[in-house]
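Participant: Here is how the chains run, residue by residue.
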Amino acid sequence: MEVTTAAGGAFAYLWLLIGFPLAGAAILLFGGKRTNRWGHYVGTLAVVASAAYAVILLLALMGRSPEERTVVQHIADWIFINKFSASIALQLDQLSMVFVLLITIVGSLIHVYSIGYMKDDPDRRRFFGFLNLFVAAMLLLVLADNYLLLYAGWEGVGLASFLLIGFWQHKNSAAAAAKKAFVMNRIGDVGMSLGIMLIFVTFGSVTFSTVFDQAGEASDTTMTWIGLLLLLAACGKSAQFPLQAWLLDAMEGPTPVSALIHAATMVTAGVYLIVRSGPIFDQTIVASTVVVIIGTITMFLGAFIGSAKDEIKKALAGSTMSQIGYMILAAGLGPVGYVFAIFHLLTHGVFKANLFLGAGSVMHGMKNRENMRRYGALRAAMIVTWLSFMAATFAIMGIPPFSGFWSKDDIIHAAFEHNIIIGICAILAAGFTGFYMTRMLVMTFFGKARWEDDQHPHESPPVMTIPLIILGIGSIFTGIGLLFWGNIETWLEPVTGFETRELAIPAIVLEGITLLVVLVGAAVAIAMYRRSVAVEAPKGNVLVRAARNSMYDDAINDTIAVRPTYWLSRSLVWADRSVIDGIVGGSAAFVGGLSGRMRRLQSGFARSYALAMLGGAILVVVVMLLVRLP
Amino acid sequence: MSPSAYVVLAAILFTLGSVGVLVRRNAIVMFMSVEMMLNACNLAFVAFARMNGNLDGQVVAFFVMVVAAAEVVVGLAIIVTIFRTRRSASVDEPNLLKY
Amino acid sequence: MSGVLSASVVADTFTLPTIDYGALAPVLIVAAAAVIGVLVEAFAPRGARRPLQLVLVFGSLIAAFVAVVMHAGIRQLDGGGAVAIDGPGLVLQGAVLLISIVGAMLMAERMVDPAGDAFAARASTLPGSEDERQFSSRGFLQTEIWPLMLFAVTGMLLFPIANDLLLLFVALEVMSLPLYLLVGMARRRRLLSQEAALKYFILGSFSSAFFLFGSALLYGYSGSIKFGKIAEAIAGNPGQNMLILVGVGMVAVGLLFKIGAAPFHQWTPDVYQGAPTPVTAFMAAAVKVAAFGAILRVFYVIFGGLRWDWQPMLWVIAILTMLIGAIVAVTQTDVKRMLAYSSIAQAGFILLGVIAANPAGLRGAIFYLVAYAFTTLGTFAVVTLVRDSTGEATHLSKWAGLAKTSPLTATVFAIFLLSLAGIPLTSGFIGKFAVFTAAIEAGAMPLVIVALFASLIAAFVYGRVIVLMFFADPPADPPAVVVPSAFTTLAIAISVAVTVVLGIIPQPFLTLLEQAGVFIR
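Residue numbers (this note's numbering), protein chains in the order written: chain Z, 1 to 630; chain R, 1 to 99; chain D, 1 to 521.
Honestly, the hints are just simulated from the structure, not real lab data.
Among the hints, a few may not be true.
Using 20 Å as the maximum straight-line C-alpha spacing, the simulated EDC-like pairs for lysine to aspartate or glutamate come out as follows [said to hold, decoys possible]: (1) D:LYS398 <-> Z:ASP220; (2) Z:LYS171 <-> Z:ASP220; (3) Z:LYS448 <-> Z:GLU511; (4) D:LYS404 <-> Z:ASP121; (5) D:LYS404 <-> Z:GLU370.
Which residues of chain Z face chain R? A few of them, derived with a C-beta cut under 10 Å, are [to be verified]: (6) PRO122; (7) ARG124; (8) GLN602; (9) LEU611.
Built from N, CA and C at the ideal position, the CB exists for glycine as well.
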């Protein structure tokens, strides 16, 4: 049994983790113009300070025996309504710890990178203020010891993300994207609020420890509902099907934002929520199955989107969706998968941040143009970026010994333990990952230069490349490090539980198959994009012809892989745009239309209002009599 | 005659008053209809006072009269202002605020 | 005072009820100040009126608030049972007084409009006439608004503590009549203002008639106008008849009108838009608190035993109110009108606390009311500041890019909108949470789901305005954000403070509500 200890020693200042970035945000946002000159340093320093403290905490935590690694710091009573109570209390355990490290360390690197990336932006100070605010909220989210406080952090990261997506106000698309993110996240929030309320009504508490201790006592139906509601929340925040559309648009924000918020940390909050609520999902086979299904769907959807987008950041966003799909899938598997979901989340946090920052570096050198069809042959111009991007690409594809190999392989393994179909899906999606990542790599760094005339690609300044180098090294070693040195499985086990089952197929065979599929995907991509890439994106019927044109000499040209893949990915992107977006956009339009109609009832004539009132009075009386009738 | 007949009468008067509010366009007439509704209430109160055998209802009726008088003052002030501005006491004419 | 009104007179004996004037001090102070205000209007020289009135208004409101605080422990029926001074009543009175103080600050503002304050120099002059111009150019200010406001506050103070139907009716009218007039007194866009006053008046008196007839039926049923006696009669006579059901319904109509519940809501947008903005702020906040106070008392105390009868009815009303308010707000283009529809939706959310019919619901509803009231004061206060040459720039397109020209104003407005949307760490979230959990506890889960759905739509409305302010380009002729005097600045500061503090440390207020307990009979 786990022992919860009060915060003392190194843990006495747990709140400082959040305090540093929060203070940074306050200084930057309220300090006004006078902080313009040095504001970004303050912002970076605040996060670095948190990261340093996080490392100290990690060491202190490792010094304790595994059962005593849950530290709770009670800061203040917050709300007591009748029986309901929630306090402002932080809980640091093995799970929060790894998140804190990810957030603060990757966060620090991204802050440093942003100093260079946002150098010419007149609003750099405000940008750092928002980033700090985000880090503080994200830390609150993972350190909260109850659902309500978690919800506060949840909304906080949403708000910061919203502000940062719309940061470049001069882009109209940025405003639209911010609005979309806001609305879709609110849909998730409905699930979150209902879920929390249901948890409270069921268990009389929202504190994690109390809720999880009683998780076995509630009825299956209740647990299923709670699970589904929390899943809805997770879908909103983590861009999972059917609430995924906002993530692509969110790429309107500055690239460091995409890296930090929309790749490494915030979008993984849904995974955190599900893993954290593990004891709830363990009770309900229905909800956890739905989690697996949602994860699987998104895994493919994201992969298709990633394969079809020409804008480098959007392709990466599709890949993020897909990878989070992996994590959600793993989280849905229960104790078999929780550890691997978090493991993949961590490695993904590193290599995806690397990819985004790399993309940012490329864009930095290419006058902020995103179209990969206008890239090509950039490896000579930006060597550091290329190498780090390549490391991250191998990592995400799962090439041994890069970090993604270890984590993704574990998920595939766990999926096979669960269900062979899900396992095959996971392997197939890995093949897609191989395809779209190689496509990206080839289109950007290899092949012929397809630059527009005014382009003079150049490497980014050291302030940007050093974080890239660090992340690149991280992309290589995080997996091995966490697995063999960090013992991630035993580390997380007290919180999430951990079990393995025997598999019919030996692990090494499975790994071999996976690798083979990935390499096939990569080979297809190389075959398609090595020689030449059309500068204009093929559309509609032209699509097939163009695809053929670009691959004339290739034997694989007309084979099974290419055309179906292309067709499938295009049509799925279409489905995503028009059907899924259509549902959300359609319901918005429906409400808008309804609103337009209903406001006509407000005719401006006092007498018609009086008529409505009389009708209302009759309604009131009739309802009262009807209730009495039977 | 039983007091309940007065209650029925009050209900009829109240209904007539509310129909008056709905169908008449002139603000003054509408307002008179509202007054009629208030007086229907008074009648009901008095009838019920009689039925219940206490005086509360009658006291209420007096207070309602006072309140109605105050309402007249306010109401006429507003209606007169509107009339002076628009040269009409129709309630359908002021129709700028809508939707 | 009011005790005489309702003293039971049986045959030929007449017992004079005892009245504890001390306990009624808050009401008496404000009423007295209102009367003195009228005398000031009659006898004081023109130049001295405004300072005198301001001293009277703020002096009496603060004194009344102090009296409320001093009475914090009192739980008694007074005036022969006509008023019930109890915990919730006192909290609501205190809230009304604080809201009125902030509202009065907004009404006292003279810096934002170059021509003077928000009120017509002479309400009797014709819009656009030579008279109007002359009065205006001579810098005349209308000081009659102050006694009117104090009378309205008197009514609002009585409304939540009234414990018999007659006093409730009188309080309703004392509250409403001055407001009808205040609504019609805008300095600019006077046609709209007068139209709003006319509509408000006609519909308001129409609803009063319903209320009164319902009261008559309740009286006929129970033989008493006292809440406690009616409740006893209901409890003692389980076999219902038409009288009581129709009576409850019609009383409800009168009260629901005041809070702007659908389908009795249609006056709200017109009146909120037409009224001078400080008055809109004041009435949107204070009337809602007072009227909900009365609704809570009526439904908890009198109709408590009938809850299985009225709960379905309020379900219907609440669903209509939430959905209509939220949905119609989506297509609004005028910021005041949009806020009016949002206030309708908010009223629907608060109704959930009434429907819950448990102590948690009572507390949640009061918390929500106070949170909502201050947020609303703040939003309308910000609206008074964003102006162009024709006065307030209320069209939403004018608000585009406000964050660029005036980041502070935009941020403050965004905080209020986030609170209205119910985002955590704002007062609106705690309010929603308290009310919704109370409703779930009472088994109204479907209603809470509808409420969350409605708040999702409402969040879209607020989010749209935030996006507009922060991420859109300003229009060609952007409005200016006026720097107000200390009055409005302080009012906005208080509103922001309450919104944020109640969101982050709600506990002291929740504890206060806990101590306040429930209504007494």
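Participant: Each of the hints needs a verdict: does it hold here or not?
Facilitator: Consistency of the hints with the structure:
1. D:LYS398 <-> Z:ASP220: Status violated; Cα separation ~53 Å.
2. Z:LYS171 <-> Z:ASP220: Between LYS171 of chain Z and ASP220 of chain Z the Cα gap is close to 48 Å, so the pair fails against 20 Å, i.e. violated.
3. Z:LYS448 <-> Z:GLU511: Violated, because 34 Å separates the two Cα atoms, which is more than 20 Å.
4. D:LYS404 <-> Z:ASP121: With a Cα-Cα distance of about 15 Å, the restraint between LYS404 of chain D and ASP121 of chain Z holds, given a limit of 20 Å.
5. D:LYS404 <-> Z:GLU370: violated, 28 Å
6. PRO122: violated, 41 Å
7. ARG124: violated, 44 Å
8. GLN602: This interface hint holds because 5 Å falls under the 10 Å limit.
9. LEU611: holds, 6 Å
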